[in-house]
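Chemist: Top line first, the protein sequences correspond to chains Z and R.
Taking our numbering, I'd label the letters of the first sequence as residues 2 to 457.
Taking our numbering, I'd label the letters of the second sequence as residues 82 to 229.
In short, the hints are calculated from the structure, not lab data.
Owing to the predicted nature of the structure, the values given are computational and were not obtained by experimental measurement.
Cβ atoms here follow ideal geometry from the backbone N, Cα and C, with glycine treated the same way.
Incorrect hints may have been included.
Distance windows between CB atoms, simulated [what the hints assert, rightly or not]:
(1) R/Pro167 with Z/Glu333: 27 to 33 Å
(2) Z/Glu141 with R/Gly156: 42 to 48 Å
(3) Z/Lys302 with R/Ser114: 50 to 56 Å
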Amino acid sequence: MSEIIGETESLCPECLKVIPAVKIAENDNIYLEKTCPEHGKYKVLIWRGVDDYLSLKKYACVPSKPNVCAVDKEEIVCPLDCGLCKEHTQHTCIAILEVTNGCNLKCPICFASASSGYKFHPDLDTIRKMYQTALDSVGENVCIQISGGEPTIRDDLPEIVKMGKDMSISYIELNTNGVRFAEEIEFLQRCKDAGVDSLYFSFDGVTSDVFMKTCGRDLLETKLKTIENCKKVEMGVTLVTVVSPDINLDQIGQIIDFAKKNVPTVKGVHFQPLSYFGRYPIVPQDENRTVLPDLLVEIEKQTKGQLRVDNFIPTSCTNVHCDIKSMSVVLEDGSLFPLTHRSMGPPKDTCCIASKTRQEVSDLWRFVDESMDSSNESDPEPGSWDEFIQRAKSNYLTISSMPFQDVWNVETERLRGCCIHTITPDGKLIPFCLFNINSVHGQTLYRHEVFGKYSQ
Amino acid sequence: MDVKFSDSVKELIGERGLKIDDVIDIINTAESSNRKLNDGSKNLAKKRIGEVTIYAVYDDNGNVETAYSHRMVLGEIQKTTDEPDPTNWVCVSCNEKAVIGTVLMTYMGVTRSGPAVVCEKCGDAWIEEYLATKTIAAAEGLFEKKKA
Chain Z
2 MSEIIGETES LCPECLKVIP AVKIAENDNI YLEKTCPEHG KYKVLIWRGV DDYLSLKKYA
62 CVPSKPNVCA VDKEEIVCPL DCGLCKEHTQ HTCIAILEVT NGCNLKCPIC FASASSGYKF
122 HPDLDTIRKM YQTALDSVGE NVCIQISGGE PTIRDDLPEI VKMGKDMSIS YIELNTNGVR
182 FAEEIEFLQR CKDAGVDSLY FSFDGVTSDV FMKTCGRDLL ETKLKTIENC KKVEMGVTLV
242 TVVSPDINLD QIGQIIDFAK KNVPTVKGVH FQPLSYFGRY PIVPQDENRT VLPDLLVEIE
302 KQTKGQLRVD NFIPTSCTNV HCDIKSMSVV LEDGSLFPLT HRSMGPPKDT CCIASKTRQE
362 VSDLWRFVDE SMDSSNESDP EPGSWDEFIQ RAKSNYLTIS SMPFQDVWNV ETERLRGCCI
422 HTITPDGKLI PFCLFNINSV HGQTLYRHEV FGKYSQ
Chain R
82 MDVKFSDSVK ELIGERGLKI DDVIDIINTA ESSNRKLNDG SKNLAKKRIG EVTIYAVYDD
142 NGNVETAYSH RMVLGEIQKT TDEPDPTNWV CVSCNEKAVI GTVLMTYMGV TRSGPAVVCE
202 KCGDAWIEEY LATKTIAAAE GLFEKKKA
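Excised from the complex, chain R in its bound form (with noise of 0.2 Å):
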């Protein structure tokens, strides 16, 4: 796939501390194994780089919408409810709907919840980018800033 980023999303990147590089490895390791989400216009993929989980929005052009990361470690699915929320998002390696759940997150050895687009049929889960931009960044802040 030709990866193609506009101007602000490559600024978008940099302020986020990613790589250009790591998000065209993201997209291309997910387009050639199909562990991705589709929603019929987009595509979500993540991979583990290093010590930091990686997630890349774009369309089935190549054309990048965002990207975001985190530090945490995904565990297992801790619950989903009886009827959970649903999502727009498809597990395209199941085929399988993909739902609001919740899953364990581990960071510097201390685990606590959070939600989750999880496709319930393989156990992936997948973090959106607000929780990990907003909740998970002020976690991982606060141990960092006591370590700076």
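Just chain Z, same shape as in the assembly (with noise of 0.2 Å):
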């Protein structure tokens, strides 16, 4: 029994066409069915749970526009026309820089494909005017996540983050594998000195088997390497973890068990199931893919049932089957204790809600710090309130998940609810999966087109 309960546009995996396609109920799965007139029907698992998949549309947000488009014609077709347009709904939450699309690995997954073809490495002062396009788009609170490629082999990354800092960025993340970090710590202490706030660090798993399919090296002792250095620096890391059945599925338990030894330098853990646009070993299949259901099925059988599928919810920021968050304190014992859980509701109100993800996270900390400040007492009674929070404060993790679209399962409606942007040399910013989707012929709409014009 198959039931229709949505349409939306896609595109086709061969030629990038726009394509008409609507979303199927059928044994309480939610497939995504599209027909291309040249190429033929393509028909994709998309979720696990039809009940599921209609609840979460009571967390929708209010949309919050961006403040300038930078694309303004009269027809636009999305998504081939954009940068953004009037129709996009969702201003930037995260806004992505890419400072350069080389790398000091090469390794068979990578969404980017980085070190291949065409070298985009821009100039300081295209960075400057890349900072600038988020600034004029977002107004306030801006938060960058410097990227790549591997930005780490710029010898001048200090230098960018100060730029971006000197210009008023409120909070830079810097994605990166870490590998330059472990070897450098001078280098590491460089950066944070420069101002970056966090790491957005890759670590696919708990044994060396698992990097050598996801980096084709054994990196595991380079990777806890680079956690040791950041512990000793003070730099906060989230830990973002590739997730796949073929590969590292069965070690999300040991992986958020990993996180929680090593708070609070870790900060939390951004399961990112695989998603097929870039370098990819394979053609997907539906028993390649994990949708977020499954991640959150296997989360809280992994964890023994300490964060259930009841303590994620969505963002509330960017479109409600995109992403899913959890938060919690690790208690004395080592045990989870989730503050987020679906039994609250979606949010009271979800006006404006990507400037209040962008405030959220440093006004919670300012909050409980006021708490602190006044309260004296150093050690706190056990099993108290005040040790909940001083523990709240310095033992908090966060597990949350987003996994990106590809030519196989795009949603033009998903992608104009967007809030995480890469942007591009020529002041426009484009949804970060459509960046970077490309076609089973390795053509994208955005990446290589864009970069290509301002490669060396």
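Grab the two chains, each in its own frame, and use the hints to assemble them into the complex.
Modeler: As structure tokens, this is what we get:
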């Protein structure tokens, strides 16, 4: 029995043409089905649990449009005329600024297809303009993720970071494989001194074989060394784990355990189900995909119920089917105490959620800080609320996930609600997924077309 | 009792999201039932209204000094030491000196302890302003923040 529960548009994996698509509920799964007049029919699993899929809609936010739109055309074809445009419903929450497409690794899995073909290495003037694009569009509380390629291959990275902070960027995180930071703690210190607020650090497993598959090299010791160095210089880290049923789905419990043991240096784990764009090993079938409900079921199973499916809620910042997060305090006995639960219901006020998300973390800690300042007790009573607050401040763990859309499962409706945007050197902001999506032949709509123009 | 508020107290009550009428209600209830603390010049009264326990500190002429609240639910007294710290408060209905003790406080399914002024005779407990507006507010905020 199957039923159409929604209509949207998608792309043809062969030719990248915009084609109509329907969402179909079938055997308690949701599929995206689309037909290209030239290349035929595609059907891909996008969710498990029809009721769950529909009920998450109550988390949808009140849209908050971008301040400025780079694309000003009467007739817009979404997503081919992106930049953003007046049809885009959500402004930027995190802007991704890529400072190179080069890398010190050549992983078999890489969304950016780093170290291939042309060399994108923008000069400081171009980078300044890219920061300005984010500032113009977002206005205040701008969060930037410096990414690539591998940004640490640039010796002028501290200078790039300092420039951003001097231009009043509020928060800068660095997306890195951490290899250089394992080898050169001085460079890590210089990046921190320049203003890097935290690392978005790829960490795919707790055994060597996982890294052999994701990076083509045994990087386990290097990764552990990076965390040690971060501990020494007091740099906060979010572990970013690519998840694939063929590689490491069985390790997510161990990764969460590892994270718990390394708080407060490790602030969170972000699970990134493998998206099939950039460099990836196979043409995916449904069994090669980890849809969000699959991930949550595994988290519940592998943490032995410390974190349950119901502890995960959409951020309500981007589309409700794009991401999920939980926040927990790591208690004295090492167990997780979740602060998020679906029974609490959707946010009371979903207006301006993107700007709230940008402020959320800093505000929370300011609030807790104020309460700490006034209680001078250095050793709170065991089992007391005072102790809970002190633990919450230092032993806090966020577990989150955002599976990116690829050419098979992309929905234009979700792209229009996206709040994570790549900054282009020509003054545009493009939803991250859309920026990276490529056809089965490797052709992109944006990444290579845009960066290729600015390559050396 | 004719309950009176200075402008600054009115402002404080507003900032804390409380209602003047509720504070008047708490004081009138305490005065008619005698369920309150008194230290010779001031009274401390409390009442659960909906999801919130609200406290009022006022003098014998009905001048309100401060009001504050918490959403946690107070449980039983966990312990007082053999020689508990004395307070200036007297539990009026028991005519018993109140002491500093530890009570269980539950919020969103979590129970933890905290200090409170307690009457060992009737087992009632009152949270002091510093705790309600600092630690408890921060704990409640952690949960509420995640909800928002």
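Chemist: Against the earlier hints, flag every one the structure doesn't satisfy and list their numbers going up.
Modeler: Failing hints: none at all.
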